[in-house]
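Top line first, the protein sequences correspond to chains A and B.
Residues 1 to 321 (our numbering) are what the first sequence spells out, left to right.
Residues 1 to 276 (our numbering) are what the second sequence spells out, left to right.
Hints may be right or wrong, so weigh each one.
[As the list claims (entries may be wrong)] Using 30 Å as the maximum straight-line C-alpha spacing, the simulated DSSO-like pairs for lysine-lysine come out as follows: (1) A/K97 - B/K105; (2) A/K156 - B/K9; (3) A/K97 - B/K131; (4) A/K233 - B/K9; (5) B/K107 - B/K9; (6) B/K131 - A/K156.
[Said to hold, decoys possible] Simulated restraints, written as ranges between beta carbons of each label pair: (7) B/E261 - A/A136: 44 to 50 Å; (8) A/A136 - B/P97: 20 to 26 Å; (9) A/N139 - B/G136: 28 to 34 Å; (10) B/D247 - A/G292: 42 to 48 Å; (11) B/G151 - A/A273: 27 to 33 Å; (12) A/E160 - B/G134: 23 to 29 Å; (13) B/P57 - A/S276: 42 to 48 Å; (14) A/K188 - B/A193: 34 to 40 Å.
Calculated from the structure, these hints are not laboratory results.
For glycine and all other residues, C-beta sits at the position ideal for the given N, C-alpha and C.
Chain residues, written in single-letter form:
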Amino acid sequence: MKSCLPLEMGKANLDVFSETLLGLARANRDVVVVTSDSRGSGKLVPFAKALPKQIIEVGIAEQNLVGVAAGLASAGKIVFAVSPGSFLTARSLEQIKNDVCYSDQPVKLVAISSGVSYGALGSTHHSLHDLAALRALFNCTIVVPADNFETAEAVKAAAEMAHPVFLRFGKRPMPHLHRPGTTFTVGKSLLVREGNDLAFLATGETVVQSVMATDLLAQEGISARVLSMHTIKPLDEEAVVQAAQECGAVITVEEHSCAGGLGEACAAVLMQAGVSVPFRIVGFPDEETVPGTQLEIMAHYGICPEGLAETARTLLNRKRL
Amino acid sequence: MTEQQLFIKSIEYRIRLLRYIRQARAGHTGGSLSCVDILNVLYNCVLNVSPETAEDPRRDRYIQSKGHSVEALYVVLADRGFFSESDLETLCRFGSPYVGHPTRKVKGIEHNTGALGHGLAFSAGVALAGKIDGLGYRVFTLLGDGELAEGSNWESMMMAAHYGLDNLTAIVDRNQLQITGRTEEVCALESLAEKFTAFGWSVREVDGHDVAALRHVLCAVPFESGRPSVLIAHTIKGKGVSFMENDARWHHGVPSEEEYEGAIEELRSQMKEAAV
Chain A
1 MKSCLPLEMG KANLDVFSET LLGLARANRD VVVVTSDSRG SGKLVPFAKA
51 LPKQIIEVGI AEQNLVGVAA GLASAGKIVF AVSPGSFLTA RSLEQIKNDV
101 CYSDQPVKLV AISSGVSYGA LGSTHHSLHD LAALRALFNC TIVVPADNFE
151 TAEAVKAAAE MAHPVFLRFG KRPMPHLHRP GTTFTVGKSL LVREGNDLAF
201 LATGETVVQS VMATDLLAQE GISARVLSMH TIKPLDEEAV VQAAQECGAV
251 ITVEEHSCAG GLGEACAAVL MQAGVSVPFR IVGFPDEETV PGTQLEIMAH
301 YGICPEGLAE TARTLLNRKR L
Chain B
1 MTEQQLFIKS IEYRIRLLRY IRQARAGHTG GSLSCVDILN VLYNCVLNVS
51 PETAEDPRRD RYIQSKGHSV EALYVVLADR GFFSESDLET LCRFGSPYVG
101 HPTRKVKGIE HNTGALGHGL AFSAGVALAG KIDGLGYRVF TLLGDGELAE
151 GSNWESMMMA AHYGLDNLTA IVDRNQLQIT GRTEEVCALE SLAEKFTAFG
201 WSVREVDGHD VAALRHVLCA VPFESGRPSV LIAHTIKGKG VSFMENDARW
251 HHGVPSEEEY EGAIEELRSQ MKEAAV
């Protein structure tokens, strides 16, 4: 029973990214990583020590990072371009659009310390726009893993992909959400909790918050489903529609602006499928983000077990009307 | 190819690119005319690439960072057999791959460009891969002078010098003009050679319309072992057509029928003189 799965703490997804990448790079010397003075925050120091010829440092120059990565990819390298999400996807957006997506160079863009992972460092370091910006670019797969398993699988899948892909990681340790033997497929959501009263469609580090909310709701006899929507694009539209039809109420959860992210993507799917259910997007509102730690900030905006449970109760009241 | 043949070929290219710009009612006339001698020398004398080796990992690469001058590139690639020149009849038409900036949909084009300040970083990445893999290919990229105001270029310059990419050559089409007017009045570039030198590049300068001098200097890359090379090619925007020369209005001006006929007549008379 997925609803009984205990939450055993794992590593930070970034650590798993680094370890998985090192394994891939040991096996294939064409795997290279490009960094913009970001090997420390990208947990890539062990990689650099083990395979110094397969890490390319460009300095604090994110535009160059992405352009160089595209050039390397065009010459046959399997390139992971690693930089903080805030800089990678804002300063280098034109390079991502033109040199990677439009030019169809299979660069693996890796956003580290995404969302509000940098917490009290402030809005310059937050990336709450990236999913919206990249969703609007053609030819860009977007994957936001929730736990260590999803991370390892996503990195391996990215290495095999012949087209551009964006991976987004936070830096807090994440609990394991999936049983051994689970199959990960880019573009197919993963069921984390079974339930039929309402559905949480969550992504990245908000999945565990949603899971903990279901535990609170279960004490009140409310059975909530949780799907890890690890792939934002292409979205698992079938799972979104199915969740809405079977549960009758949907809450989307993301560490991202409410504008243009997972929630609006799901809303568009449901509207166009003619499925109308009580629906709420939980994310960041259109305002300057409050300072604090990642968890404090997320809790302020209702991305915490209590906040999500309360949103669920409100939505269920609407469902019953 | 003799110097005279190269010279005549440049005039032929000018006639052709004007024809397609006139036909499409669109194009970047002035910049295509300023860089076409450089492309002529690259594709006919320097680059180790052909339609047969267009996918060969060891081929030399040319990346046109100043993508707007694509009409010059199209006629040169067609002449070198990468595609049939009749394809250019579709230039800028609905559904045609021959759009107003280079795309990889066209055989022989290495990278999609058009937004300025992108080609050098991409070229540095390709050059770095060549170094890593020990492949002997060389990478050439053409930069517009106005384009150098994009800060991304200077990131790439630092990085290319840091990695000692002597398999990378940048050519600056130094025609002194950008869409608003003179580069020195819009946002001064000079002293450009000193700036490149300070960034660790080996610099040469050349008359960008002297095909013999272009061939001589471009066959001599790298200018210095262990450093990227840059050739500042002094050119004239609109070169070859007297009323287009040194006039920023021809940045993307399209000739009227009368202007077109006059331009072609002028170029044909240059060709007759050259053939003597």
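Original post:
Per the hint of 27 to 33 Å, is the separation of the Cβ atoms of B/G151 and A/A273 within bounds?
Top reply: 45 Å, violated
Subject >> Straight-line alpha-carbon gap A/K97 to B/K131, limit 30 Å >> reply: 27 Å, holds
Subject >> A/A136 and B/E261 - C-beta distance against the hinted 44 to 50 Å >> reply: 45 Å, holds
**OP:** Could you see if the CB distance from A/K188 to B/A193 stays within 34 to 40 Å?
**Re:** For B/A193 against A/K188, whose Cβ atoms are near 56 Å apart, the range 34 to 40 Å is violated.
Subject >> Distance restraint evaluation - B/P57, A/S276, Cβ atoms, bounds 42 to 48 Å >> reply: Since B/P57 and A/S276 have Cβ atoms about 55 Å apart, the given range 42 to 48 Å is violated.
**OP:** Take a quick look at whether A/K233 and B/K9 sit within 30 Å of each other, Cα to Cα.
**Re:** 49 Å, violated
Original post:
Using the C-beta atoms of A/A136 and B/P97, is the stated range 20 to 26 Å upheld?
Top reply: Because 24 Å falls inside the window, the suggested range holds.
Subject >> 30 Å Cα cutoff - pair A/K156, B/K9 >> reply: Violated - the C-alpha atoms of B/K9 and A/K156 are around 51 Å apart, more than 30 Å.
Original post:
Under the criterion that the straight-line Cα-Cα distance not exceed 30 Å, is the pair B/K107, B/K9 satisfied?
Top reply: Holds: B/K107 and B/K9 sit about 21 Å apart, inside 30 Å.
Original post:
Going straight from one Cα to the other, do A/K97 and B/K105 come out at no more than 30 Å?
Top reply: 17 Å, holds
**OP:** For the pair supplied as a hint, B/K131 and A/K156, confirm whether the alpha-carbon distance does not exceed 30 Å.
**Re:** This hinted pair holds, its Cα atoms lying about 26 Å apart.
Original post:
Cβ-Cβ distance between B/D247 and A/G292: within 42 to 48 Å?
Top reply: 59 Å, violated
Checked against the numbered hints above, the structure breaks hints 2, 4, 10, 11, 13, 14 and satisfies the rest.
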